[in-house]
Structure formats: structure tokens, C-alpha cells
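Student: Put together the whole structure using the sequences plus the hints.
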Amino acid sequence: MDDGSGTTNGTRRGITEPAARGDERTALLGFLRRQRELVAWKVGGASDEVLRSVSTPSGLTVHGLVRHLTNVERSWLRQVFAGQSDLVFDWTDEDPDAELRVPEGVPMADLLAAYAVEAERCDEVITSAESLDDVSARGERSLRWIVLHLIEETARHLGHLDLLREQADGAVGEDPEP
Amino acid sequence: VTRGTTEPAHRGDDRTAVLGFLQRQRDLVAWKVGGASDEVLRSASTPTGLTAHGLVRHLTNVERWWLRHEFAGETGLPYDGTEDDPRADQRWTLVHLVEETARHLGHLDLLREQADGAVGAQP
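Top line first, the protein sequences correspond to chains A and B. So in my numbering, spot 165 of the first sequence is number 165, and the numbers just go up one at a time. When you read off a place in the second sequence, starting at 1, and then add 1000, the result is the number in my numbering.
Honestly, the hints are just simulated from the structure, not real lab data. These numbers come from a predicted model, not from an experiment. C-beta atoms are modelled at their ideal positions from N, C-alpha and C, and glycine is treated no differently. Hints may be right or wrong, so weigh each one.
[What the hints assert, rightly or not] Across the chosen pairs, the derived CB separations fall in these ranges:
id	chain 1	residue 1	chain 2	residue 2	range
1	A	Val54	B	Arg1087	24 to 32 Å
2	B	Ser1043	A	Asp133	42 to 50 Å
3	A	Thr7	B	Arg1042	38 to 46 Å
4	B	Gly1049	A	Gln84	22 to 30 Å
5	B	Glu1039	A	Glu124	19 to 27 Å
6	A	Glu174	B	Ser1037	26 to 34 Å
7	B	Arg1003	A	Ala137	23 to 31 Å
8	B	Gly1035	A	Ser85	38 to 46 Å
9	A	Gln84	B	Gln1122	25 to 33 Å
10	A	Ala137	B	Ser1043	29 to 37 Å
11	A	Thr92	B	Gln1090	41 to 49 Å
12	B	Glu1039	A	Arg138	40 to 48 Å
Tutor: Here you go:
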């Protein structure tokens, strides 16, 4: 199995390992996939009840963060970069943080499935662009900037999930154990 | 630079952008732990023992390891801990530092909130 030590993205313990050398787009896609997969791994293996038992004083929840990340990818890659219209978001102009408050009955499995579908559509935007130098339909940012921003944003929220998960059931760790 | 924090170039070359993202993460770490006394910062930790002071020293070691030891091949550098991984190019090294610093910044977000209630993604 490819371990990512060459010029193609590999896999280590079920998580993408970005290519150590070579093509920029391959590497950035590898890093973004790794962050998404770590999010799914970090919230996995715990019941909705356990995950819902924790939040920060300011109201961040595990369910809310996963839905936030799904909306963020849709916004940056499909709306801002690709200029797609008729996209549906969980936030509104009147309530810009609405995606963070997930209704009680929505299971994590549904949120992760929606995140995975969105990731696939967003990867399609990244891979079908001419170049990472391409500038967004709105806001004049390069595709390179947008993908790097998604990596930093997903990683920061993964840090929030690390501490929320520990608070929920004591599970810790940077990535899956061997 | 916006509000004292690096804003990575919106367009242009690979190295400028990645360096901008890394510098932004470093700036945000310094901002996030700023304006609070050592006493206040030391009052918060996770059950496994992560602290604001520990995370900042960890990030210093991580940069020294990945850029100076692994990438540049400098020897004889002192560490408070080590990691090992295959040889990677400069881009991989810089993007890895962005993801690692950002994840720890997420830890600092919650530790700072626990210490004195201060929150926010940026200044």
C-alpha cells in the first residue's frame, strides 16, 4: 500500500498521508483529505448522546462543528471559487451562525454523510480547475489560497473537536493508533 | 497584514502563499495567548495535561524539527521532544506546519476560553 512517502498520496492507518514530494495540487488535496478524515475519525465510535453531552461555554458542539465544516467547504469552493448558484446553506443572512446549532434529532451519521458528499463535490472543483493559480469567481482569491485556507480552518476546528471529545468520553489522540 | 495578523497573499505563487498561511497561524497563536497573565494561562489544562505554555513550547520544537532538522538537515539541534517521518519536500513541510499549528491553535482557543473566557477566531 502507498504510504505517501513518494509523489502520490498514500494511506496510513485508514487516513490519507499527503504525498511527501512532487505536484502541488496532489499534496494540497492530500492535506485537505487528511483533515476531513481526521474529523470523521475523531467523532467516530461515540454515540450521539455522548457527543451531545459536551459543548464549550460559548456553545460550540461536535455536531455543530461538523455541519459548519460542510457549509464552509460548500461556500469557499462551490460558491466563491466555482460561482455555482442555487446552493443551500444552513446559515442565513439574519442568522450567520445557524449551522452551528444542529437540531436535537439529527444524528452524527447523517452529518458525516453530508460532509462526505460535499467533500466529493469540492474535490471535483479542485481537480477540474485549470490551475491552482485560477482566481475565484467572487472575491478574487486563488484556488491555492482557498484550499490552504480550508486546511487551516479544518485543522483548527479539529483542535476544538480534540478537546470536546476528550471532555465527552476521555478519548484522545492525534490520529488512529496502529 | 490585517488587524496585526498576517493575511496570506490572495493570489500568486506557492511559496509566498504557504509562508503567509504559516505566519498567520504563528501570529494567531501569539495573539490567542496574549493579554492574559501567566497565572491565568496556567490555570487551564486538559485532563491529559495540555497547557498553553506547553503548546507554545511544543510548536517551537516542532518548527525546529521539521524545517531545520528534517528539511535543511541541520545537526546538533536541541529539542524538548522528537518525531520521525520520511523525507519530504519544502512544500509538504510548510503545509504540515500550517495544519499542525492550526490544530494546536484550536486547543489554545478552548484553553483560553477555560482560563478567562476570552474567545474569537482572530483580532
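Student: State the violated hints by number, sorted upward, taking the hints as numbered earlier in the document.
Tutor: 1, 4, 5, 10
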